[in-house]
Every structure is written in C-alpha cells, then in structure tokens.
Amino acid sequence: MARTRTPPHPPAPPRPDHPADAAVRRGSGDGLPADQQAGLAAVLAGFRHYEAGDDEAARQALQAVGLTSPFLEWKVLLRGLMAYAAGDDARAVENWRRLDPARLSARLAAPLRARLDPEFAAAQPAASAARLRARYEALAGGDLPARLRALQAELGRDKRLTRAWKLAAAAAPLLRRVHPDLEARFARGMYEAIAGQGEQADLAKYRNLFGPPPDDPQFHKLEALGYEAAGQFDVANDHWARYEAWLGSSPSGWPAGVARRARAIILHRMGQNAAALHARPAAPPDDIEAAFAALFRAPERRRPVPGPKPETYFLRSIELAPEWAAPARELFRRYLDQDRPAEAERVARGLLARKPDDLMAIEGLAVLVQREGRADEALNLWKTALATNPLDRRLRALTAHAYHAAARRELAAGRAAAAETVLDEGKDVCAAEFPAGYQALRAVTARKLGRPADADAARDAAAAVPGGRLAAALFVAVDSAMAKLKPADKRAADQAFAAAIEEPPTPLEVNLLHGAWDSYHLSGVSYRGQKTQEKKILALAEKCLAADAPERDFEALCLGLAARQHWKLAEAAAAKCERRFPRNPFFKVALAEALHARNPRYQQERRILRLLDEAKGLIGPGADARTAGLTDVIDRLRKHYSDPADTFDFLFGRAR
Amino acid sequence: MSDPYTVLGLGPDADDEAIRRRYLELARGFPPEHHAGRFAAIRAAYERVKDVDARARYRLFEAGREDTIEAIIEEVACRTPRRRIGLKELLAGDRPPPG
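So the protein sequences, as listed, match chains W and X.
The numbering of the first sequence is the working numbering, which starts it at -7 and goes up by one.
The numbering of the second sequence is the working numbering, which starts it at 175 and goes up by one.
Hints are not guaranteed to be accurate.
[As the list claims (entries may be wrong)] Simulated crosslink set (EDC-like; lysine to aspartate or glutamate; CA at most 20 Å straight-line): (1) W:Lys568 to W:Asp624; (2) W:Lys347 to X:Asp190; (3) W:Lys375 to W:Glu335; (4) X:Lys262 to W:Glu315; (5) W:Lys478 to W:Glu534; (6) X:Lys224 to W:Glu315; (7) X:Lys262 to W:Asp135.
Treat the hints as calculated values from the structure; they're not laboratory data.
Note that the coordinates shown come from a computational prediction; the quantities given were computed from them, not determined experimentally.
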C-alpha cells in the first residue's frame, strides 16, 4: 500500500533546506558526505535525461538511488514528473503523495499536484490555493493563462474596466493565434463583464477589439438590461424598442420562429416596464440618498416620460406570439385591475380560443363572470377547470361554490326544480366540499317544492355536519329569504338562526359560520339585514374563545380571521389564545402578525419581536412540519423590522 | 461544454421535433443509471432549448453567460499539451531559505 500524505497546508517555506535538497538546489555535492555523492549525481543525471525527453535513461540513472538515500524524495518527484509528462495523472499523484511535506521536493510538486489531486487541492487555504494555481499556470501553460488570470482579477469588482481592457487587448491576439475557436467565447466573457460593471466607453472598446457582437450589434440589449437594472425603465424601453426592431429585420443566424418569439418576449417585458412606469407614485425617493435629498428640498429628479401604455406592448406581443399565454394573462389582469371587465373578458376568451386548456384563463374568466352574477357561465367554466385536474382540492371547492351559486340563482328566479337539478348534478363535489351549505340548499329547495319531510331531513343533515350547526342555520335562513319561501317558513328559519347564535359557540362552528357568510359575500349576494347580521356573526369570534375545544380549532379560527383580514378580531383572539396556550408558538406568531397588520411600525416593534423570539424558542430544533412552517412566517415578519429600507417606506408612507 | 446545441449535437435552427428526437436518442445512449453526469448535461441542455420559448429566452438572456474568463482559462489549461518542466524551472518558483 502506498504511503500517502495529504498535508492540510503547503509546507512552510522559511525552514532551512535538508542538506540533500540544498545540494540539488546548488547543483553540486560540496559538503555532502562521500556516500551521498552518487545519489546526487543520479538525481541530476535523471533530470538531464528527462528534460531531454529520454525517460528510459532517466529511470536507469535513478536506479542508483536506494530506499534509504536522502535523495529518494527527488527520485519520487522525478518519477511523478515523468508520469505527468506522459499524461498518466494517477501515477503522478501516487508518487507525489509519497513526498515528505517538510522537503523541498514536496513544495516543488505542490502546484502540479494541486491541479491533479482534488483532495490535496481542497485541503489548501484559499490564499495557498490561489498561489498554487498561479504557479501551475506559469509552469504548465506559458504566458496566456497568466495574462487571462490577470484580466480576470480585474473583473467582477466594483471598479471601472479601464485596466481590464488593456489586459484583454494584450491577451486577445495571443488567444486568437493559439486557440482561435475560443475568441468568440472570450468576447462573450467581456460582453458579460460590461453588463456587470461597464459604462458607455466600454462599448467602443469592445467593438474595436472584437467587432460588433453578433446577437447585439448595436449593444441595445446590453443597454436595455443595464437601464432596467438601474430602474430607468423609460430609457430601457427605448433600447428594447430598437433591439426588437433589429430582431424584426431577420438577422442572420436567428431562425424566424425564435426571432419572432424573442420579439414577443421583449414586448412583454416592455409592457411590464411600462406598467412599472405608469404605476410610480407621485414623488417617492428611490433610495436613501434621494430620501435625504428630499428632506432637504433638493431639486427633484426629472420624472421619466411614461411612454406608451403597457396594454399597447402586451397587445403587440400577443399579435406576434398568439400561442404564448403570458402576455394575454398579463393584459387580462391589467384590464381587471382597471375595472374594464368587457376588455378583460375579450382577452381571456381570445386566449381560450387559441389555448382551450389554459387553466389560468379559465379560472380568471370564471371569477370575472361569477362577479358579474353570470352563475351558469361561471359554473360551466369551473366544471371545465375541474376537468383538467379532478383531484385538485382548490378547484373542487371553487366548483362546489359555483354549483351553490347557480342553484341559488335558480331558486331566486323561482325555478326550484332547476335548482334541484343543479344540486343533483353537483352532488359529489358539493356534498364532499361544503356539506352544510349543500344540505341547507337542498332543504330550502325541497321546502319550495312542497316536500316538507325532505326539507326537514336535509336541514337536520346540515346541522349534523361536525361544526356545521351555525353555518347550516345561516344558510337555511338566507336561502329561505332568497327563495321567497312562505312567510311562516322564512320566519321559522330566522328564529332558528337567532336561537342557534344564542347558544355558546365553539371555535370550529364560528370558523365555518364565517366561511358560510363569506360565500354570500364573495358571490355578491346581498339581502336585507345583511350588515346587522355580519356584526353579530363576527362578534361570535370573541364569544367562542372560552369554549372547551381542541387547540387546533382555535388555530383555525385565528387563521380564518387573518385570511379574511379581520385584524382587530384576529388580534383579540390571538391575544387570548396566547395567554391560554402559552406553550403553543402558533398563537404568538398569529398575534405578532395581527399587531403588524394593525399598527404603525414603531408602536409595536418591541412586542412583535419579543413574540417572534418566543415563538422561535418554542418551535425549537425538533419541530414537526406544521410548526416548522411557522418559521417562514417568523422570518418574513422579522424582515420588516430589520430592513432599513422599510424605515424609509414607513417614513414616506409607502404601502407595505 | 455548456452550449446546449453543442451538447445535443444540433444546429441552432433545429425545431422542437428534431430536438426532442435527438434528446431521446442521447438519453437512450447515456442512461442516467450508467452515465449520471453525462445524462444530467444532456437533460439540462434539452430543457434550455426544448421549445421555441426556451430557445428564444436562452438566446436572449442566457447564451454566453457561462463564457466567463475563468471558464476560458480552464479551457486553455486543458488544451495546453503537457510540458516537461525542468529542474531549474521548478526551482525558480521556490525562494531558497535564508542561510
């Protein structure tokens, strides 16, 4: 087995040479004992033969060096060098691993060994590794790598490229002569360097050295990316427009389809840039310097001209790549945000005509028509969406919701039989997703159709859903009014709901009740007394906090309140639960989140940070997946209180 | 080798069908269980050019990103034939100790 040594560091140089090493360095045996003269002569002869290319003679010469000779180290070094020259890296490394790190031979082999022996290279500190690499390049590669290395040292730093261009100009002719095929890659490397740290003057220098880059001959793409990174979207768009025009001129080397899609991508990007420009607030300082300048009433920076509207770019992008969904989706969202539903619908329908399975378009359109009260159309769209992925829990819930909305619409229009047909069709998905709401609707429909026994059975089934007592009572009361049941039936339903909310609620019941109330709210359903009812329903959130219920139900309640942005109630609920369950980190995080949402930054900062620290301590290292998920929320909240930029956001009133 | 077209052995005008066919051919030739590294490179190359959108994005924003000066130095070093490094040359890089 070979003796192996992998020193953690390269040998330290100041130690005096071993007498044998000193003799080799001098090239003479002065002062060496007589019995060692033959060893030195053999090593020097071995090197002469090796340098002359005669490895066989070198091996013959080295035979005179025995196992106990102090020149054995040099024999091993030279055998490694011969293997290296022959391309037998494994044998070279095997020899060099046997060298004594305290001897000169190990130091001389180190640059080559670091190149071939990953274990050895990894053991070197960074400074030594760099020194060995530079030495290797000087030994093995001649001048070119050293020149390139000097150039590389100038790149990736926060400084101008002036010296880098001088070094590039020195390296380029050599590279062109020795490795002409690498010139294009070298040019691209310098192009990227300009993108990272360049300035205008560098473009001319690049052109002088390499000629125009084939994919960006006027540097418009490079400039567009640079201005985008600096947040100057108006100037970036000027350059993108010119680059897009160049791509439109059928440049050589660009397949037509790829060029067309690239233009569409650029126009989409320009649309996003334009959206950012149009959305800029009145006079927000962009950075800390600007903030101070604003404080001292320095002259304002010229506001950029917004240019064409984002819609213009998105429409052109769609025109160029109609099969690509992204610009149409973006345009759809934009029209929705601008409250232009007709245009949004036209865009979504256009996209669906080209891509009938585009789930985002189907969902977006479904939400849009649902908001407009077109329940039947919405239901059809949700059914189409669910058909793309029947197991998707979210889609199942949304489809069930659409079935209920469609059934209610039929009931409200006096078509109880049609409502029942809708409910029959959606039975599987509705009964599984919203059992209380489904059974309540069946109860009202049956009563409207004159089948009181069926109605009572369905109402009881709704109330029997675990935690569904209050939600079922609300559904029956509201749907009875919407279905215009007989006054006696409506009254009975109202009284049943009033009686239900008088009884002490559990957190699960309240959470489901809030969900039931939300389902009307989200469908745009309104009825008499809705506002008063909302107050009573929300007030139950505090009433249920004393209930004897599992911790998980309280967690769900807090989550529900936060999701519906009832922050005042969420704060009260989380505060009570935090006191009641002090070992549960969830409530500390929920309270911190509610405090964060409700209060200006400076008022509750200490309390929030304390809560987050305590929660993190409770989660500990061995947390399960559920509590570990809280860590993300903690980190997100913490970020608000550690980022100095947030202070400026607060000072200048930017939205959180 | 980072250029996806070079990895796949295709020209830049190859279409979806040609790229997919070539990818499957190479994947059969270099299955992941026997050629993990090579297969990963083939797969990564395929992902970068598999459809017109990927090809356009690659061309616009990614092509050349890996052509750093460091990568070129590596390439030059790999290509440079092994020299016989003489004793004097070796010793020239090592400062003799004092005394």
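Q | Violated hints, by number in ascending order, as checked against the structure | A | 1, 3, 4, 5
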